[in-house]
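Undergrad: Sequence:
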Amino acid sequence: MAGIIHAMKKTLNDLPDDIDLLKKLLLEQAEQLSEKDEQIDHWKAGYERLLQQWRLAQHRQFGKSSEKSPGQGELFDEAEAVVAEEETSNEADSSLEKNDASRRHRPKRKPLPKDLPRTVIELDVADVEKVCACCQGALQRIGEDRSERLEFIPAKMTVIETVRPKYGCRHCEQNETHVTIKQAPPTPSLIPKGIATPSLLSQIITSKYQFALPLYRQEALFKQLGIKLSRRTMSDWVLKSADSLRPLYQRLKDILVQQPALHADETPLNVVKEDRDKCYMWVYCSGTDGPDTPHPMYKTALKPIVLYEFQKTRQATHPKAFLNDYSGYLHADGYAGYEQTETQLIGCWAHARRKFMDIAKSLGKNKTGTHTVALNWIQKLYAIESRAAQCETTEKAFAYRREQATPVLNDFKKWLEKTVTNKPPKDKFTGALNYCLNQWDKLVRYVDDPHLSIDNNRAERAIKPFVIGRKNWLFSNTENGAEASAMLYSMIETAKANGLITYDYLVKVFEELPKRKTGADIDDLLPWNVTLTS
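In our numbering, the protein residues as written are 7 to 540.
Since the hints were derived computationally from the structure, they do not count as laboratory data. As the structure is a computational prediction, the values presented were derived from the model and not from experiment. C-beta atoms are modelled at their ideal positions from N, C-alpha and C, and glycine is treated no differently. Since no wrong hints were added, every one of them can be taken at face value.
Label-pair distances were calculated between CB atoms; the ranges are:
{"no.": "1", "residue 1": "E157", "residue 2": "A327", "range": "47 to 55 angstroms"}
{"no.": "2", "residue 1": "W534", "residue 2": "R320", "range": "25 to 33 angstroms"}
{"no.": "3", "residue 1": "R238", "residue 2": "R170", "range": "26 to 34 angstroms"}
{"no.": "4", "residue 1": "L227", "residue 2": "Q264", "range": "37 to 45 angstroms"}
{"no.": "5", "residue 1": "E157", "residue 2": "N486", "range": "41 to 49 angstroms"}
{"no.": "6", "residue 1": "N330", "residue 2": "K521", "range": "29 to 37 angstroms"}
{"no.": "7", "residue 1": "D121", "residue 2": "K162", "range": "14 to 22 angstroms"}
{"no.": "8", "residue 1": "S392", "residue 2": "T524", "range": "42 to 50 angstroms"}
{"no.": "9", "residue 1": "R170", "residue 2": "A526", "range": "23 to 31 angstroms"}
{"no.": "10", "residue 1": "P160", "residue 2": "R320", "range": "43 to 51 angstroms"}
{"no.": "11", "residue 1": "S195", "residue 2": "N486", "range": "16 to 24 angstroms"}
Straight-line alpha carbon distances no greater than 20 angstroms define the calculated SDA-like cross-link-like pairs of lysine to any residue that follow:
{"no.": "12", "residue 1": "K386", "residue 2": "R408"}
{"no.": "13", "residue 1": "K424", "residue 2": "V379"}
{"no.": "14", "residue 1": "K424", "residue 2": "G375"}
{"no.": "15", "residue 1": "K234", "residue 2": "S205"}
{"no.": "16", "residue 1": "K259", "residue 2": "D527"}
{"no.": "17", "residue 1": "K318", "residue 2": "L245"}
{"no.": "18", "residue 1": "K470", "residue 2": "C285"}
{"no.": "19", "residue 1": "K521", "residue 2": "T168"}
{"no.": "20", "residue 1": "K309", "residue 2": "G505"}
{"no.": "21", "residue 1": "K120", "residue 2": "R152"}
{"no.": "22", "residue 1": "K259", "residue 2": "H324"}
{"no.": "23", "residue 1": "K514", "residue 2": "Q256"}
{"no.": "24", "residue 1": "K429", "residue 2": "Y441"}
{"no.": "25", "residue 1": "K162", "residue 2": "A226"}
{"no.": "26", "residue 1": "K259", "residue 2": "Y344"}
{"no.": "27", "residue 1": "K434", "residue 2": "N444"}
{"no.": "28", "residue 1": "K448", "residue 2": "G343"}
{"no.": "29", "residue 1": "K309", "residue 2": "G296"}
{"no.": "30", "residue 1": "K402", "residue 2": "L458"}
{"no.": "31", "residue 1": "K361", "residue 2": "T425"}
{"no.": "32", "residue 1": "K419", "residue 2": "T376"}
{"no.": "33", "residue 1": "K502", "residue 2": "R467"}
{"no.": "34", "residue 1": "K234", "residue 2": "Q224"}
{"no.": "35", "residue 1": "K502", "residue 2": "E466"}
{"no.": "36", "residue 1": "K259", "residue 2": "L519"}
{"no.": "37", "residue 1": "K326", "residue 2": "R257"}
{"no.": "38", "residue 1": "K521", "residue 2": "L254"}
{"no.": "39", "residue 1": "K318", "residue 2": "Q346"}
Construct the complete structure from the given sequences, taking the supplied hints into account.
TA: Written as structure tokens, this is what we have:
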């Protein structure tokens, strides 16, 4: 203690007696402290940004991908909606109280399809046991219990051996004159002189492009069945099959650009034998994902089509060239490349929401902020879409959307403009606010036409099968392989969107295409026209 007092006395003795000089020293020290405080604040802000980025990266790697916000509620919900929700909840609670707890949580198994082949096994008691234990009389059959189990029969290979008899004239042969030989022509085949049938080609292609099973794994599966089928052979078949589908692809493209509203997206692809870091797979689609996933607002009459296109770059010239002079609506994200098309661009509220969700994920659990208010505004818009989907007709649904969503959009924009003025320009939240404001004209356009959707999730779901497949086969080896992938994914996803079993559809197409001459009508093979027998 004495040492500290001595040091303080020494420091005081070192101070000048001049008051003005003391003031100057104090001001200099205050400036130094202020600079240090600014540095500390800068370091803290940098640390917080790094921490948020780390949390977001962790969530993207290991967390759930859903962007829903359950339990958050709607800040602007109508009173009648809340009352209706409470009444529904009370009715559900009342009914649950009447049931036994064990039965309440027991799942109900769906019956197996009736058209599956069935083998009936009857487990009966022995005849000597069909005697009453009391009176020794014969027991009569009074009922039965039935249960179902599903048996799996592994795939089996069969060989189709085609015999074409030859017929000739023995008389002419003996006289050494012109010999007439007649023989039935071979069945037209996609792979002439090859062993691949339409069913085998369809199996290989759907396994790879629908179920993401690479060819080297299929090679191992065929080996287990006693068939030596190399990857090289299957790759050659895949390329030839894809090439045969070009006329059908072009016909689908002609119909696609006749639709009033389209969706587009793109994703990177690594092509080994291309001297560039990234190539890209583009997707263009219309209609819905399939008969079981209708448009979120209305039953649309748009043709369900999904077309992929491989390109070496992400340049804006690619969507412009693909769509050509198409001037309808195009749902897309904020990528500036779509601006060069002749289309009327529709913004994506899912992309806008994602920017606020990234902030929520970076902050960690149970942390709210102004971003939560923005999420609730967007959730309000999606709630309107859900309620519009319950309307009986497209006209009523569209009218409900315009009436309910328009004032919400107007109020949301006012909130965005007010909030962004109070935030630093490089803040992540400010970036999310500016994205909404910069895209505003495109984001609000969906209320102008019943063919439009609130987001571009149609294209994002369409590109997802390719992304999942890419995780298994990682890359394409050549440009031809990438183009073949685009062709085959197009056929498979379009068939799925039309409610077809893709294996059956490809079998039909591969049977019929070799029979058609170049330029022949193929409209009967379009997914919404085709007749499948299996």
